[in-house]
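*Asks:* Given next are the chains, with one letter for each unit.
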Amino acid sequence: MKVAIVKYNAGNIYSVIHALKRLGVDPILTDDARELRTADKVLFPGQGEARQAMTYLREHNLDSVIRSLTQPVLGICIGQQLLCRHSEEGNTDCLGVFPVDVLRFKPQRHEDKVPHMGWNQIQVKGDSLCNDQSFVYFVHSFYVPVCEFTTAVTDYIVPFSAALHRDNFFTTQFHPEKSGTVGEAILQNFLKL
Amino acid sequence: MLAKRIIPCLDVKDGQTVKGTNFVNLRHAGDPVELGKAYSEQGADELVFLDITASHEGRKTFTEMVTRVAATVNIPFTVGGGIGELADVERLLNAGADKVSVNSAALRRPELINEITSHFGSQVCVVAIDAHMDEQGHWTCYLNGGRIPTDRDLFAWAKEVEQRGAGEILFTSMNHDGVKNGFANEALRRLSDTLSIPVIASGGAGCREHFRDVFLQGHADAALAASVFHFGEIKIPELKQYLSGEGISVRL
Numbered sequence: 001m002k003v004a005i006v007k008y009n010a011g012n013i014y015s016v017i018h019a020l021k022r023l024g025v026d027p028i029l030t031d032d033a034r035e036l037r038t039a040d041k042v043l044f045p046g047q048g049e050a051r052q053a054m055t056y057l058r059e060h061n062l063d064s065v066i067r068s069l070t071q072p073v074l075g076i077c078i079g080q081q082l083l084c085r086h087s088e089e090g091n092t093d094c095l096g097v098f099p100v101d102v103l104r105f106k107p108q109r110h111e112d113k114v115p116h117m118g119w120n121q122i123q124v125k126g127d128s129l130c131n132d133q134s135f136v137y138f139v140h141s142f143y144v145p146v147c148e149f150t151t152a153v154t155d156y157i158v159p160f161s162a163a164l165h166r167d168n169f170f171t172t173q174f175h176p177e178k179s180g181t182v183g184e185a186i187l188q189n190f191l192k193l
Numbered sequence: 194m195l196a197k198r199i200i201p202c203l204d205v206k207d208g209q210t211v212k213g214t215n216f217v218n219l220r221h222a223g224d225p226v227e228l229g230k231a232y233s234e235q236g237a238d239e240l241v242f243l244d245i246t247a248s249h250e251g252r253k254t255f256t257e258m259v260t261r262v263a264a265t266v267n268i269p270f271t272v273g274g275g276i277g278e279l280a281d282v283e284r285l286l287n288a289g290a291d292k293v294s295v296n297s298a299a300l301r302r303p304e305l306i307n308e309i310t311s312h313f314g315s316q317v318c319v320v321a322i323d324a325h326m327d328e329q330g331h332w333t334c335y336l337n338g339g340r341i342p343t344d345r346d347l348f349a350w351a352k353e354v355e356q357r358g359a360g361e362i363l364f365t366s367m368n369h370d371g372v373k374n375g376f377a378n379e380a381l382r383r384l385s386d387t388l389s390i391p392v393i394a395s396g397g398a399g400c401r402e403h404f405r406d407v408f409l410q411g412h413a414d415a416a417l418a419a420s421v422f423h424f425g426e427i428k429i430p431e432l433k434q435y436l437s438g439e440g441i442s443v444r445l
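Going down the list, the sequences are from chains D and Y.
With the working numbering applied, the first sequence has no gaps in its numbers, which climb one by one up to 193 at the end.
With the working numbering applied, the second sequence has no gaps in its numbers, which climb one by one up to 445 at the end.
Calculated from the structure, these hints are not laboratory results.
Values in this document were obtained by computation on a predicted structure and should not be read as measured data.
Treat the hints loosely; a few may be bogus.
Reference listing, derived: stretches of chain Y covered by chain D, where coverage requires no fewer than 3 residues with Cβ under 8 Å from a Cβ of chain D [as the list claims (entries may be wrong)]:
| # | segment |
| --- | --- |
| 1 | 273-284 |
| 2 | 313-324 |
| 3 | 335-342 |
| 4 | 365-378 |
One-sided excerpt, in silico: chain D residues whose CB lies under 7 Å from chain Y [as the list claims (entries may be wrong)]:
| # | residue |
| --- | --- |
| 5 | P115 |
| 6 | M117 |
| 7 | W119 |
| 8 | Q123 |
The beta-carbon is built from N, C-alpha and C at its ideal position, and this holds for glycine as well.
One chain only, chain Y, in its complex shape (with noise of 0.2 Å):
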């Protein structure tokens, strides 16, 4: 049986892994190429390596990092932030890269996921989405990690992304991001049910049953965190013992 994946998510910046709480106050994790390759050692199914800075302060890659990953690291990695067009991606997937994932850039031009997906196929194409959701329980797209809203539903932004040809949807909730008070597991069944690409789910992990409930609730194939690995509350092996006890197919 396919197995639900447990991914650790470096933030990156200058070099170092930082995560924030609700996006800001950022908190140093350690070294990116070290850390992934610990986390490798004790079970994770994917690494992802998102370089925070460079939406929004203009730097394209982080190539040289990417690099020490492949040589490094024996699981399938995703990189982004800040990919901007296709000689970004290509410069990624030949440092090593499995998976590029791809968010304002697609939000602003949405052939970028067309033509990602036909120069390299729709397996490295991963389309990240920050979305918040309001009072009356609309979800919208951001921008920038989060800074600047769209006029776009996160629904028809997540078909539209499919019907593109993207692999897989990353989707972060603004709302949980940080909170450690679990996933968005409504929007994320949704999402899951209505799509027939792998959904990755993004923000609010805090124990380990929030990872029971995105994949029994939530319908996720793939949760994602960052703080609770890096500051080892949640080790994944246990994890990992926890889920399949409840009846979840995991990868021990």
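So here's chain D without its partners, still in its complex pose (with noise of 0.2 Å):
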């Protein structure tokens, strides 16, 4: 199975690989829009700021090569982000997969820190990778608000996005990465589908 990674200006990528290879997949990481149209699987991960990613994804015209894909594809944290149609984020367009707009956390109590970090469940609404009820790893200021595409939701200072599911897009906000056996299960389902 070929299994690709898209490479662009988003951190932790290496965190991703390494989950991969755990599962004995050895994924290729590549900006190369022939070898992302003929992989089986394509992940589209990484942490960073959604307009300086949105840029460096339209230079490289990755923009329309994502939108293109017709394979499973997986964004996972800032990846779910930019799938969707814009960003609070530096006032960002992006890739519009998820026709829905991508806010920051506000606060409302003290105990509400931000960003959103460390372990917390979701709840399953749909077709999601993920069973009910898991605890799995987020790091995020800003999070989907929850839509028609919703397949699994978190309650942190609002109900939002935890997972996203239409057509052969699957994203998640949290880390399956870095979640444990729980992560990797997810992984696990995504690479079978």
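Join these two chains into a complex; the hints should help.
*Replies:* So, in structure tokens, the structure goes:
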């Protein structure tokens, strides 16, 4: 199986590579359109800032490549946010696979610390890759509101989309590559699609 | 509900984990990579690896060990010790660390915090603070693993650290570290209640009740300990069951 990871200017790609290797998959890290289009699975992970990420993706023509992919795609963390329509982070137009806008957490009480960092539970709502009530690892300051494509919800300040699914596009706001055995099972479920 | 985190800390010297009592008298406690994997299987929520010799002996990195940890461990981990400049951070992140912890270098040159967060994001930047309380109850920050006092007040420095963009604060009470008589809950509560970033409590864990108290009284977001885990005095699965029974949200 050919598994490709989208190479762009986002951090924390290494942990995804390591996680896939632990599952017996040796992924390629590439920004080449042909390599991405011919992969069996594509992962779009990372941490970073939305505007800089989108600028890089457009300059390398990766925006249209990612949108046009037809094999299973897994967006992780900022990957989920970039697949949405717009992000409040840097007032950035994103890829628009999911017609929903990414917002910044607005603390309501003193205990509401931002970023949302650590292990939190998901409530599964639909065809996600995850088990209900699993604890998974989050690090983020922006969130995707609950929408018709939400497949898992986590409540932190507001209920938000922990996972999305539309056609061949699956996303998680959390980091399956850092979520212990639960996360490994989610990656395994994606690889089996 | 966001879970309170339990974080074993592995102090590393010459490729082996060690833990001192009040920062002296080091004892060996195993291979850091194997130990880290075992902790993650037991239910640790994160790991911290500190190169404890780095600051004062000039050792810059333990990058090779970080690479092995990244390949082996499937939970987040932070590395620290001897990080002096942005290039150190980049090397450790590229080796697979999720976060870096800066301590003395940030006290010496606070702009380092801004540089790390603007290049790599707030979430990778943990600022570790070692502080000691004097007889008047005043908390002073220390450099080089608690060897050199500064003129900085703990609470003022913590606020500055937050304003410079750090993602988390790891506060070690030098009065409590190694004594196993509980965490510095009063200071922790004041930190946690005045900051908008997570606070990791360190120093003083001796029994499971101390973890309950650091969350309920100290309002910590996470609790870090070393020797009680390394020598099996507290087992993480039992600790988490206990905390859950006390009404504290933990990942089981």
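*Asks:* The structure should be examined with respect to each hint, and the outcome stated for every one.
*Replies:* Hints, verified against the model:
Evaluation of the coverage hint for the segment 273-284 of chain Y: breached, as 0 residues show C-beta separations to chain D shorter than 8 Å, against a requirement of three. Evaluation of the coverage hint for the segment 313-324 of chain Y: fulfilled, as 5 residues show C-beta separations to chain D shorter than 8 Å, against a requirement of three. Here's how the segment 335-342 of chain Y fares: 0 of its residues keep a CB closer than 8 Å to some CB of chain D, so the rule of at least three is not met and the hint is violated. Against chain D, the segment 365-378 of chain Y contributes 0 residues with a C-beta closer than 8 Å to a partner C-beta. That does not satisfy the three-residue criterion, and the hint is violated.
Against a cut-off of 7 Å between C-beta atoms, the interface hint on P115(D) holds, since the closest Cβ of chain Y lies about 6 Å away. A hinted interface residue such as M117(D) counts as satisfied when its beta carbon comes closer than 7 Å to some beta carbon of chain Y; here the least separation is about 6 Å, so the hint holds. For W119(D), the suggested interface contact is upheld, since its CB lies about 4 Å from the closest CB of chain Y, less than 7 Å. The interface hint given for Q123(D) is broken, as the beta carbon of that residue sits about 12 Å from the closest beta carbon of chain Y, more than 7 Å.
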